[in-house]
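Chains H and G supply the protein sequences, listed in that same order.
Quick note on numbering: the UniProt record's numbering labels position 168 of the first sequence as 168, and the sequence is numbered without any gaps.
Quick note on numbering: the UniProt record's numbering labels position 14 of the second sequence as 14, and the sequence is numbered without any gaps.
Everything labelled a hint here was simulated from the structure, so no lab data went into it.
Source: prediction; values computed, not measured.
Any given hint could be a false lead.
Here are some chain G residues pointing at chain H (derived, C-beta under 10 Å) [as the list claims (entries may be wrong)]: (1) Gly57; (2) Thr78; (3) Ile83; (4) Phe87; (5) Phe89; (6) Arg152.
List time: in silico BS3-like cross-link candidates among lysine-lysine, alpha-carbon distance up to 27 Å [stated by the list, open to error]: (7) H:Lys195 x G:Lys135; (8) H:Lys187 x G:Lys252; (9) G:Lys278 x H:Lys187; (10) G:Lys184 x H:Lys187.
The C-beta atom is built at its ideal place from N, Cα and C for all residues, glycine as well.
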Amino acid sequence: MEKTFNNKAWFMVLPVVLLVAFSAVVPLMTVVNYSVQDTFGNNQFFWAGLQWFEEVLTSERLHDALIRQFIFSAVILALEIPLGIAVSLCIPKRGVWSSFCLVLMALPLLIPWNVVGTIWQIFGRVDIGLLGATMAALGIDYNYTQNAAHAWITIVVMDVWHWTSLVALLCFAGLQSIPDAYYQAAKIDGAGRWKIFRYIELPKMNRVLLIAVLLRFMDSFMIYTEPFVVTGGGPGNSTTLLSIDLVKIALGQFDLGPAAAFSIIYFLIILLLSWVFYTVMTNYGKGEGR
Amino acid sequence: MAKITLSNLAHAYRPNPQSRSDFALKQMDHVWDDGGAYALLGPSGCGKTTLLNIISGLLIPSQGKVLFGEVDVTRLPTEQRNIAQVFQFPVVYDTMTVYDNLAFPLRNRGTEAHLVDARVRDIARMLGMTDVLGKKAQGLTADAKQKISLGRGMVREDVSAILFDEPLTVIDPHMKWELRTQLKALHREFGHTMIYVTHDQTEALTFADKVVVMYDGEVVQMGTPADLFERPAHTFVGYFIGSPGMNVLPAKIDGASAYIEGCQIPLSRHYSGLETAKTVEIGCRPEFLTLTDRPDGLPVQVRRVEDVGRLKIVRADFFGREVNIIAPEGASISDRQNRVVFDPARINVYADSWIVEGKAA
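Looking at chain H on its own, in the form it has when it is part of the complex (with noise of 0.2 Å):
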């Protein structure tokens, strides 16, 4: 058959464009445009260049706190989706519990982010905090706005309280899917606990799990509001993670070209692990074995 060409059908895309441009590519590109270019107040800007990004490639500071959080993001990852899945396989399977289960589950992901992070802050104060009172009548030198470490720990544990629950719900999701018959075939083929788990479930949950390292890994390495609430990013700058960085030069010393570069370096790292895990992932499986 004749294919008809007709350039009038270009503008079917228009509603697409636009809302993709103001959505989208407009805000992205004032980011771009503040990156390039320097401002003494006065809404006065002066060609930049690369400057800004060569000082925050070359910046210690900024170093350090990238280092933190692929530390922070890669123990979030270690620890939410082992749990996660262990926690998924314990719901059970059906009845009145297993809607309980996830009612309960689904909580924490209720709390808005700084409802988390007061949370945590109260619940680990030495002086009138459950947790960081109980730790002191043990004995225990808890203190997480004095000692990096007790920092660290709170902050990660309140993520994993926050969010486990998202990794051991799309997991479940992921084992429900699978028929009965797997269960049964490996029964009869005299598989164990273990040969199930590693040869049914997890291939099984391989998609959800693809999306649930997704989502913590994006939400981990955007973190904000929890620690910023918890820590402020202190003691010293042991709990500066990124955004608070960002948010430091951003508004607290109110850089914007430096803080713009850092803005489109830190979308770039993103995208570019989000893109090695889905690719990783997805290929995962397929393809010749030996």
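Please build the complex by placing chain G on the supplied structure of chain H, with the hints as guidance.
Structure of chain G alone, referenced to chain H:
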């Protein structure tokens, strides 16, 4: 390998079954021979899957016993029963290669590596999968996956029985034939007892030595395909087997004659004692009815003729009931042929739906 004995077996899904209708599986006693190929045939909800699950150990029957050989396995869990099962949908371990999939049941039981290898290669050769042994199972087609499932069932030499739960449902029609043929070949070569659940009569009749027809929780007939065709024990078997099914017509029987609406149909045997039955029917397969213009036939009115290639199916009206008549391919069917003749030797008599044996006249 062992023969399978179902002794006094019955199952109800609800506790404390009161009446007969509470039982999903009504009481039965059967012995299935070692090395036989059996097909459980019946419509949806007839209890065939219940029976299969009892044999595989997924269900414990409410009463009775299941014996493999002389061993009572009624309460043994699936993994201790030494059976294999192939499910309706292919179950493969996606991340393993075809080789590892086939080796899995053997390795789990601690079989030595060289024995595993020999056996896996043997099975792969039988299934025609030697060239894909190194491939991951995930990327294969549905029928290749189902072949792996079959292979995993077959790979253990010592299984008591292999159970098939409608295994060809998801397979393309042209592959069904091939897989069924392969199954038969595997059965001949390895001699496992095979139990094959299906609602497709062609599948059952081509696969099995003995077909077990189930209806409403009961085994209504167990026999060779020829038995089921020639002497259906129950009118249901008559309807269900054959295409179209048997013609079943209410009749009065007097000695060696049946009467429908006052017309006499001669029978080849002598029947008596049918007065107590609530319903008396005669059944005759469409293959044994002949359309004719001879005056000795019974009056019918032809409604429709369906030419299915090899033969013609005549749908006719016989005293207000539909009867099917099969005419040979070349037969010309004219308006003058308004009479039907029954083959007396092929008429079965049913009292309350069950067949009645006559005495030789």
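Taking the hints in turn, this is what the structure says about them:
no. : hint                : verdict
1   : Gly57               : holds, 9 Å
2   : Thr78               : holds, 5 Å
3   : Ile83               : holds, 7 Å
4   : Phe87               : holds, 4 Å
5   : Phe89               : holds, 6 Å
6   : Arg152              : holds, 6 Å
7   : H:Lys195 x G:Lys135 : holds, 20 Å
8   : H:Lys187 x G:Lys252 : violated, 56 Å
9   : G:Lys278 x H:Lys187 : violated, 49 Å
10  : G:Lys184 x H:Lys187 : holds, 26 Å
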